[in-house]
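Protein chains in written order, with the numbering used here: chain A, 102 to 313; chain B, 380 to 602; chain C, 5 to 224.
Hints may be right or wrong, so weigh each one.
A few chain C residues facing chain B, derived, Cβ under 10 Å [as the list claims (entries may be wrong)]:
| no. | residue |
| --- | --- |
| 1 | Trp50 |
| 2 | Leu121 |
| 3 | Phe157 |
Residues of chain C placed beyond 12 Å of chain B at every Cβ, according to the derived structure [unchecked claim]:
| no. | residue |
| --- | --- |
| 4 | Val90 |
| 5 | Asn109 |
| 6 | Lys222 |
Treat the hints as calculated values from the structure; they're not laboratory data. Computed from a predicted structure; not experimentally measured. We put the CB at the ideal spot given by N, CA and C, even for glycine.
Listed below are the residues making up each chain.
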Amino acid sequence: MKSLTVISENLTKKYSGKTIFAELNFNLSYGQSAVIVGRNGSGKSTLMKIVSGLISPTAGRMRFLRDDNELDREFVRTSMGFVSPYLNLYDELTALENLRFFSGLKSGKDNSDDEKLKSHLQFVGLYERRNDEVKAYSSGMKQKLKIAFSLLNEPELLLLDEPRSNLDRDGISIIEKIAEGQKEKGVLIIATNDEDDLKLCEMKINIEEHKK
Amino acid sequence: MKNFLRNVRIIFLKDVRSELRTRYVINSLLMFVLVTISIIRFAIGDEKIEDEILTGLLWISIFFSASGGLARTFVKEEEKETSSALKLSASPTEIFVGKLFFNLVLTFILNFLILILFILITEYNIKNPLLFISVLSLGNIGLVAASTIIAAIISKANSKGTLYPVLSFPVLLPLLLTVINATKLASAGINSAEIMGEIRILVSYTVVVITVSVMLFPFVWED
Amino acid sequence: MNNIFKYSVFVIISLVIITGIVLPIPNIPALGDKARVLYFHVPMSWISVVAFVMSLWYAVRYLKTKEITYDIKSFSAAQLGFLFCVLATATGSLWAKFNWGSFWNWDPRQTSIFILLLIYGAYFALRSAIDAEEQRARLSSVYAIIAGITMPFFIFIMPRLVETLHPDPIINNSGKINMDTTMLIIFLTSLLGFTLLFLWVMNLKVRLELLKYRKSLKQA
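Go ahead and model the full structure; you've got the sequences and the hints to work with.
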């Protein structure tokens with residue numbers, strides 16, 4: 102269980118012939134963390150989406166290993182958490198219903214563990230508002246809910262894309278707590294330009310250096 | 380397999396709950412049905428229309444009501460950018476089958492409503508009701524099968540609203556031709572043995588379209 | 005090599021046009037001289053179907069390999085198929101006007117070609133509604149396949165609806181060919197000539213589209 106390795110092998114992404122990044126390699130094993138930096142529009146979010154499997158690279162591939170065993174896409178569905186500005190939860194459902202829905206899909210268990218979900222909501226400070234529909238939330242609260250979503254099922258790989266957007270001081274301290282905790286649970290990757298985030302991770306991947 | 384069915388059920392129930400809460404599709408569809416049926420009523424006036432023509436009108440209402448609503452399930456996920464979260468949590472096949480069931484329930488409710496209104500306002504005389512309902516149901520399943528994959532395709536394209544009828548019509552035509560003929564015969568009181576051929580076409584069309592859709596859906600769904 | 009190919013296509017089709025119009029035609033009841041349309045109409049219909057199948061085949065290849073070249077081939081075949089489909093419809097309805105009395109009578113054969121036109125039209129409409137190349141290639145391939153697998157159903161459906169009036173001189177119900185030898189030779193030559201013409205134009209079209217694609221890559 103304890104030796105997850107995330108490998109990026111020669112990742113290249115092109116959009117209509119335009120190279121976003123080329124030949125990008127990194128190798129992160131259990132307990133390691135990396136931060137992806139680069140200017141606006143340099144392809145940080147694209148790289149995060151490729152790591153998560155949401156989009157496929159033009160060339161190269163992502164590999165996930167556990168004890169030298171290759172993991173398939175099922176791993177992404179059950180053991181990866183992702184916070185991204187391009188990923189929204191359902192507006193018309195309440196916070197609790199959203200988490201119940203996604204944890205139901207991810208966990209493979211018949212009854213969702215409501216106590217667990219409530220503790221996640223408590224952790225991000227949305228417990229009081231758990232039965233409100235998400236459309237009534239402020240953008241900071243939505244971001245907190247996305248963080249709770251990413252923590253479902255105790256992810257071994259946690260991807261945070263611009264995690265601080267719209268967050269208040271409580272929210273930022275939550276991010277820091279999660280980042281510290283993740284290093285004991287698996288692998289952490291943050292895409293950001295925020296100086297404070299840089300300090301959270303040991304490795305730095307500058308996307309500008311992979312423009313060919 | 381057990382997990383598969385469980386996830387299909389979770390996705391289906393989520394869509395039902397969302398729909399009941401927002402009435403995104405239902406409200407506009409109900410209005411659409413009412414408007415269509417009223418237009419037909421006003422056009423007919425007091426004339427006595429032959430059952431054959433009424434069958435055609437019935438399917439026109441069904442096709443266009445379906446084109447208003449069935450595309451929504453996927454379009455909504457794209458527009459609200461919720462598809463990524465869904466993609467990260469369930470396999471494409473689970474998502475497709477869940478949406479298929481949702482569309483199926485939606486269409487069944489809608490079409491039986493259309494049928495009831497139709498019988499009330501016109502003097503539509505169905506001589507073999509049991510066969511008629513069976514054929515109508517088979518037609519519905521086929522309609523939903525083809526519509527769901529096309530809805531998935533257009534959810535990724537630009538002009539979503541106008542594209543649906545354009546893309547779905549040629550694909551649905553074999554089904555529509557067969558089912559219109561079969562319902563016409565059923566309403567004329569024929570017995571089931573005589574339209575076995577039509578029923579066979581309806582069933583095989585549905586099976587083929589669903590199989591190919593499930594195989595191709597991952598290509599539509601990935602980015 | 006290419007030139008020889010090009011000139012032989014020219015020679016074959018010229019021969020077909022001349023002999024098709026000049027040589028006497030046996031007296032077929034109710035058709036007479038109007039039967040000459042088959043030298044042109046049948047090859048067009050044949051090619052529009054061949055092009056559709058080719059387009060489908062390349063669509064499948066694209067989904068398997070994600071090579072953009074296959075999508076370019078699939079699209080090129082569809083465009084040419086559409087052109088030949090329009091030609092087949094036009095020659096067909098001209099003939100129908102003089103034989104059946106009106107340009108369009110929803111004969112099953114006319115309905116089938118109408119559906120083929122609709123599918124081609126929908127395919128182009130879909131392509132123009134997607135900006136990103138890879139996505140356009142993927143989605144239009146999927147649509148072509150979905151449309152392609154529903155086509156064979158018409159073979160079973162059409163005969164149930166209406167009896168066709170369309171003459172079937174090539175292979176009729178009894179399975180024998182009832183064209184005389186001269187006609188058959190001209191017809192087969194025409195089929196060959198137009199198929200070669202299609203392959204030649206297809207080759208040009210694919211090369212042109214590839215150049216356009218590479219140019220767009222350089223500009224990006």
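Of the hints stated earlier, which fail here?
-> 1
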